[in-house]
Every structure is written in structure tokens, then in C-alpha cells.
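Colleague: Sequence:
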Amino acid sequence: MVRKPLTVVQLLPAMDTGGVEKGTLELARHLVRNGHRAIVISDSGRMLPALLEAGAEHLCWDIGVKSPLTLRWIPRLRAKLREYKPDILHLRSRLPAWIGYLAWRGMPREQRPCLVTTVHGMYTVGRYSSVMVRGERVIAVSRATRDYIQSNYLAVDPNRIRVIHRGVEPADYPYGYRPDDNWRKDWFSTYPLTRDKYLITLPARITRLKGHEDFIEVIRVLKDRGLLVHGLIVGASHPRKRRFFKEIQDKIVSAKLTHDISLTGHRSDLREIMALSNVVLSLSREPESFGRTTIEALSLGIPVAGFNHGGVGEQLREVFPQGQVAVGDIGAIVKKIEGWYEENPLVPAEHPFRLQSMLAETVRLYEEVISHKR
7 MVRKPLTVVQ LLPAMDTGGV EKGTLELARH LVRNGHRAIV ISDSGRMLPA LLEAGAEHLC
67 WDIGVKSPLT LRWIPRLRAK LREYKPDILH LRSRLPAWIG YLAWRGMPRE QRPCLVTTVH
127 GMYTVGRYSS VMVRGERVIA VSRATRDYIQ SNYLAVDPNR IRVIHRGVEP ADYPYGYRPD
187 DNWRKDWFST YPLTRDKYLI TLPARITRLK GHEDFIEVIR VLKDRGLLVH GLIVGASHPR
247 KRRFFKEIQD KIVSAKLTHD ISLTGHRSDL REIMALSNVV LSLSREPESF GRTTIEALSL
307 GIPVAGFNHG GVGEQLREVF PQGQVAVGDI GAIVKKIEGW YEENPLVPAE HPFRLQSMLA
367 ETVRLYEEVI SHKR
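According to the working numbering, the stretch in the sequence shown is residues 7 to 380, in order.
For the record, the hints were derived by calculation from the structure and aren't laboratory data.
Hints should not be assumed to be uniformly reliable.
Each computed DSS-like pair below joins lysine-lysine, with the alpha-carbon atoms no more than 27 Å apart [said to hold, decoys possible]: (1) Lys257 / Lys247; (2) Lys10 / Lys28; (3) Lys229 / Lys203; (4) Lys342 / Lys257; (5) Lys10 / Lys91; (6) Lys342 / Lys203; (7) Lys28 / Lys86; (8) Lys191 / Lys203.
Taking CB as the label site, the calculated pair distances span [stated by the list, open to error]: (9) Gly112 / Glu63: 21 to 29 Å; (10) Glu344 / Glu63: 48 to 56 Å; (11) Glu63 / Arg111: 22 to 30 Å.
All C-beta atoms in this analysis are idealised placements derived from N, C-alpha and C, irrespective of residue type, glycine included.
Could you build all of it, start to finish, from the sequences and the hints given here?
Modeller: Listed below in C-alpha cells is the structure:
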């Protein structure tokens with residue numbers, strides 16, 4: 007039970023697209039709705055308007071820029087923490103976490119807020135990443151993430167770690183949802199090659215770790231076997247990743263799939279795209295800490311096939327075990343889709359990965375660490 011309104015400061019690089027940003031927004035909205043004060047410190051981004059609309063406060067600081075100049079934010083943040091007197095300082099990404107941690111550590115103990123970190127990724131192990139396990143409480147977004155922490159950071163007391171799975175709001179991803187006629191009309195006007203096709207979607211930013219090359223191979227084999235499929239790659243390409251983006255375009259051309267794979271870039275209507283799809287894939291060769299789009303697709307009732315590791319494997323084992331595939335086994339992915347092409351699998355309508363559970367558990371953790379400190 008919350009005894010008084012909380013003030014929570016969250017730090018991250020920018021309010022742009024991605025699971026970290028979405029979780030920050032969801033938590034801030036929940037805090038404000040329940041009478042608490044939510045402050046986010048980050049650079050701007052696509053999700054900033056929604057954050058402000060939710061009633062959260064925002065300081066537009068570029069604390070995620072990898073430059074020695076970023077260290078200038080440490081004394082400024084320390085001053086803001088003295089001004090705001092927050093109950094919780096919640097760190098969500100490595101470089102901003104270092105700014106937050108050093109500002110926090112430089113305060114007298116009696117003035118420090120409680121320090122919470124969330125490990126959103128299975129980072130390269132080392133000193134730079136170690137800041138993410140220095141919280142007085144450390145949130146792991148999946149059991150796989152907890153295991154990663156305990157295997158690689160042996161000094162971390164297991165009692166400080168809490169597994170809080172990411173979750174989705176059923177009202178936002180209703181089972182059986184179908185896009186309305188206006189959306190469908192606009193979609194097929196923009197992507198006419200997708201009409202009357204079996205749509206296979208890879209929702210993933212354009213980076214080397216997300217399995218785009220494997221996706222191209224899956225579509226190539228399915229087309230060679232005569233299936234009327236069309237592949238969708240839905241995700242932004244960061245300016246620093248333009249070379250890899252060009253590689254993907256070239257591979258599509260080389261495979262003679264220019265009419266069979268569409269690169270949509272960033273889309274704010276991913277829910278509609280997944281709901282229109284017949285299958286959603288998760289093909290990351292490196293384990294994902296959670297993999298939010300997997301549970302979003304399953305919540306809509308759309309089957310997901312994915313490599314059985316990390317948070318994605320965890321979700322599939324719990325909700326849709328027939329979607330599990332051994333890591334790197336492209337042949338098994340193809341075989342699974344061929345079977346689903348003939349007979350659509352039934353995805354369970356219920357699952358445990360609910361947004362409200364995630365938010366309630368996070369606030370309970372805040373209360374726990376505050377009461378422990380008292």
C-alpha cells in the first residue's frame with residue numbers, strides 16, 4: 007500500500023521508439039494516474055508528446071550522447087535531485103545510468119533517493135555495463151535476464167534482483183483485433199504487393215542482431231516452394247546503420263525478392279500491421295532480454311515463430327510453445343510456416359504478461375526499497 011505520493015525520476019537516452027522508451031512512458035502514465043509525480047530526463051523523441059500528454063514532466067537533456075561533454079550533466083543532475091527530492095531514481099540505460107549513478111553517489115547518504123535499475127538488455131559484460139546492476143534493487147525484465155545477471159555479475163546479491171516481466175495492455179492489443187477498412191485501404195494503396203498474400207512480418211530495427219538476413223532466406227525458400235507469401239520488415243534504420251541497411255537492400259535484390267519483401271521503415275501502426283499479418287517472426291541470433299513484439303503479436307492472436315532463447319523463448323514456452331525453434335534453424339522456421347500456411351494455428355486468448363501486473367509490481371518494488379531504507 008502506497009502511503010504517500012511518490013516522486014520518481016527516470017533516466018534514459020531519448021524518448022524515441024523501442025521497448026525501453028515504451029516502458030518508461032507506461033510507467034510514467036501509471037504513476038501520474040495514481041497521484042504520483044513522474045519526471046523523465048532524456049533527449050527528445052517520437053514518444054515525447056505522449057509522455058507530456060500523460061502528465062509527466064520532462065527535462066530535455068542529451069544524456070545519452072557518447073562524448074566526454076556528457077559528463078557535464080553529473081553536477082546538474084545532482085542539483086536537480088536536491089531540488090526535486092525524489093523517492094526513486096530509476097536508471098534504464100547504460101550511459102544515462104552512469105550519469106545518474108555518479109550524481110547519486112556524490113550526494114550525502116541521507117539525501118540520496120532510492121536507486122533502482124532495470125536491465126533491459128543482455129549487454130556486453132564489463133565495467134561499462136556493470137552500472138546496470140548497481141541499483142539497490144535491480145529489475146530483470148525476464149528470467150533469462152536474471153540468469154544473465156547472476157552468471158556474469160557474481161557480486162550482485164540475488165536478493166536485490168527482481169524479475170518483472172514486460173507486459174501489454176489487453177485493451178491496446180485485443181485478441182482477434184482487425185484493422186478498420188480505412189486503414190486497410192490506405193495500407194493496400196501504399197503496399198499493393200501485399201494484397202491477397204500470406205504476410206510474414208519481422209518487426210525489428212535494422213541492425214545486424216535482429217535476423218534480417220535469415221528473414222530474407224526464409225522468404226526466398228518459401229517463394230521457391232510456390233507459397234504466395236510476402237515479407238514485411240518493419241523497423242527504423244538508424245543513420246549510423248545505413249551501411250547495413252544498404253546491405254539488406256542489396257541482399258533482397260540479389261535474391262530476386264524486390265516484389266516479395268517490403269521495407270516499411272518506422273511505423274506508428276505496428277499493431278495494425280501485425281494484426282494484418284499471418285505470422286510474426288523473431289529471428290535474433292543473440293538472445294533478447296524480453297522481446298516485446300512477441301507478446302504483442304500473441305495478444306492479438308497472431309502466431310509467432312521464434313528462436314528458443316532469451317525472453318522470446320520464455321514467452322513462447324509460456325504462451326505458444328509450438329512457435330519455438332532451435333536457434334539458427336532456418337529450415338525449421340520454413341517447415342513451421344509451411345504447416346501454418348495450410349492450417350492456421352490457434353493462439354491462446356489468455357497469457358500472464360499483462361501491463362497492469364508489470365506496473366503494480368514496479369510500484370511495489372519502489373515501496374519495498376523505500377521502506378527498507380527507512
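Colleague: Hint by hint, say whether it matches the structure.
Modeller: Now for the hints, and whether the structure bears them out:
1. Proximity of lysine 257 to lysine 247 is assessed by CA-CA distance (about 16 Å); at most 27 Å being required, the pair is judged to hold.
2. Distance restraint check for lysine 10 and lysine 28: the Cα-Cα separation of roughly 26 Å lies within the 27 Å cut-off, and the hinted pair is therefore satisfied.
3. Annotation: proposed proximity of lysine 229 to lysine 203 holds, straight-line Cα distance about 11 Å (limit 27 Å).
4. Distance hint between lysine 342 and lysine 257 is fulfilled; the C-alpha atoms sit about 24 Å from each other, no more than 27 Å.
5. Taking the CA atoms of lysine 10 and lysine 91, the gap is near 14 Å; set against the 27 Å cutoff, the hint holds.
6. Of the pairs offered as hints, the one joining lysine 342 and lysine 203 holds, with about 17 Å between alpha carbons and a cut-off of 27 Å not exceeded.
7. With a CA separation close to 24 Å, the supplied pair lysine 28 and lysine 86 stays within the 27 Å bound.
8. About 15 Å separates the Cα atoms of lysine 191 and lysine 203, which keeps this hinted pair within 27 Å; it holds.
9. In this structure the hint that glycine 112 and glutamate 63 lie 21 to 29 Å apart at CB holds, the actual value being about 23 Å.
10. About 52 Å separates the C-beta atoms of glutamate 344 and glutamate 63, a value consistent with the hinted range of 48 to 56 Å.
11. The beta-carbon spacing between glutamate 63 and arginine 111, approximately 24 Å, falls within the hinted interval of 22 to 30 Å.
Of the numbered hints listed earlier, not one is contradicted by the structure.
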